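Read top to bottom, the protein sequences are chains P and Y. Per the working numbering: the first sequence = residues 717 to 1018. Per the working numbering: the second sequence = residues 375 to 818.
Since the hints were made in silico from the structure, they are not lab data. No false leads were slipped in.
Simulated pairs of lysine-lysine, DSBU-like, Cα-Cα distance not exceeding 35 Å: (1) P:Lys850 - Y:Lys381; (2) P:Lys850 - P:Lys731; (3) P:Lys731 - Y:Lys381; (4) P:Lys731 - Y:Lys657; (5) Y:Lys657 - Y:Lys802; (6) Y:Lys387 - P:Lys850; (7) P:Lys731 - Y:Lys387; (8) P:Lys731 - Y:Lys802; (9) P:Lys850 - Y:Lys657.
These figures come from a predicted structure and were not determined experimentally.
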Amino acid sequence: MNAVLEFNNIVRAYKRNVPVLNGVTFSVNGGEVVGLLGRNGAGKTTLIRIAMGMLHPDAGSVQVFGVSPTARAVEVKQRIGFVAEDQVLPGASSIGELIAFHRHLFPSWDEQLQRQILHRFSLDCRTRIRMLSKGQARQVALLCAVCHRPELLILDEPAAGLDPAARREFLEVSIQLLNREGTTILFSSHYMNDVERIGGRVILLADGRVRLDSDLDRLRESFCVAMVPRASAQSVEAIRRIPGCVGARLVFENWHGVFHDAPEAVEAQLKKLLGANGIRCVRVPLEELFVELVGREQDREG
Amino acid sequence: MTYQLMKFTLTWKLAVPMAVIVASVTLLDRRPGDPVAVVFPLLILYLIAGHRLRLEEPCTVFEASLPIHARQIFCARVIALLAFVWLPVLAAVSVNVMLGGPSAWTAAEVEVGIGAVFTVLALSRLCIRAGTFTVSSKHRGLIDLNYVISFTALMSSALVLPHISVVVVLGVFFTATASLLGYASARMPESFQIASAEREDGFQQEPTTVIPQTSRTAGILVWAPLLRTLSLSSYTFLFAVVPMLFFIGPWAWPILTLMFAGVFLQIHFRSHWLFTLPISRHKLFATLSLPLLGVLIAGCALRGYFRFSLVEDPQLDGVETARMVLITIIAMAASSLLAVLLVNFAWWHRIGRTLRTTVSSICGFALACSVLFGVAQPSFSFDDKLHHGESMAGMVLVAASRILPNGMFALAGIAVIFVGGLYGLASKQFSELEVSSQRIAGSL
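Use the sequences and the hints to build the structure in full.
Written out as structure tokens, the structure is:
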């Protein structure tokens, strides 16, 4: 399948010698739904802005629909829908004016979908943007992003700050509606529930690199967290050196390690290698897995 | 506590730097015989303040959340505003009085008068909606109207004040200030409230999904969101400043260049939301810069016409006048585009990020030096007939007129090539700018 979006060894820093992205490489195929995860400052927004051609990478290359988003910006953006958490719409304009503006910019504008979304969100076309609540403004941004039936929808933490009901409604519209038609979706989010609901592929950014790239179903089945008593291993490196370990950290009196295997197999392996009692291996929800992979050490003594 | 609150305000933070700038400009451009020229730095300062400093907002959300009485916050705002207005006035008066001269006291009186007029105008803005810390859309119109009135009043005052006794001016000032503060004090609640965005008559319209006919119309109305982004108030500001050139010498050229760059930068930030849309950056640059250049060129043409044909040198014939006007326009347009090129270095990826801060600092320094160099009046004069008492900017213009060809067509050709080349460079640079690392779109 052709790659719609390709990041190749992307490096980007805002301060000298402090790269936010340090060799990020992955591609997204047509029709895929990809959730971009990572802690605050992990580089999710930077990566998305690079994909939108609004930031230039220091090294590496990005291709959207096989072309550079900076060299052929207009052509690329006509095929993309974009919603960002901090996206500000022109407050003095009415919803109707903004829609008319977008309809003018995108020849493939779907009026029926526009009416459907306006009705669903109960938006009044005469209302000025600055009179809208945060959630309503996000709904207008979504409307503008999806009504031209984009081939690629990029959402940068689109549901942040919305209440659970509004968040679910937003995601239902943006993701389910478009993905049914084979639209490729790249979205970043802090809400693991949203990621789990949407499904697809999960990419975790940590330390400027892709730490994890896996299908959600595979992630749930083939990863587990092992809790090993602190006395069983000298250091975190001893845990990390164990085959299959993806990440490890100290949480109070236990080492927590994320392993790429079934819990039973990992438990047997750890007992054999460390020879200790009290080792527990469990499958955990995505949120727990995320915390284990990117969370900091919690040492009661230090 | 009041002092702690004052320290949060931008007007307080800017008061001393602005006083230093006003004192420096007053020192550099000493024409005590011309009262309008004397108060020019103050007029510009107050116009920028009225345009940019949100003087109508008496409190931030942060301050409103603190366990402090609204009256105390308001009091801090008023004191900070008075400091912002009167410290530059005191600085300008001190410089004029220290340097002496036959009309030093007249100039000082006009400066005090201008300060008094602006204080009343700014206070009226602060007191329009005492007790609310945001401005509702209904009052936004009043605020904009206040800005236009402020501009007109300040300009008129500069012309009228030399003929009015300072005692009368101060008497009116104290009465008006006391009335405004009394009005605000009487309406001040226990704590600030957010202005209601709802219609006060309680009438609610049914939501409609039908786009209003005006929005659907093809043509320029479709571009309404983009045109609103350009910020009409920025144009008003530039329109407001250009006529002032009638009153001052050619040293307005570098100052106007700096203002052009500032206004462009402001509009540029507001346009960041458009970077996500399929709009060519070259077209966007044209949309952002050409109307501004148009305003500037129209102002310069008018000013040049009056300066060269009516005011200063009535002996110049028609062709020579037109030639000098064209040279002035070339200089203004080229330097404005160059200033845009310089201020955009901070977001230009091509320069490389490690160099970006250094180059941006050098560009900022160069721009500031050009302004100071341009407004300075050197004691020497290399042409007694034309340049006596002229600023460096004026000398450059006259020197350029000697080098450039006499034929109007040749001059116009040079103008097109020179200004067009700079425009092309600035447009190319704009097409390669990155969004700010902090946010995708400026506050609109």
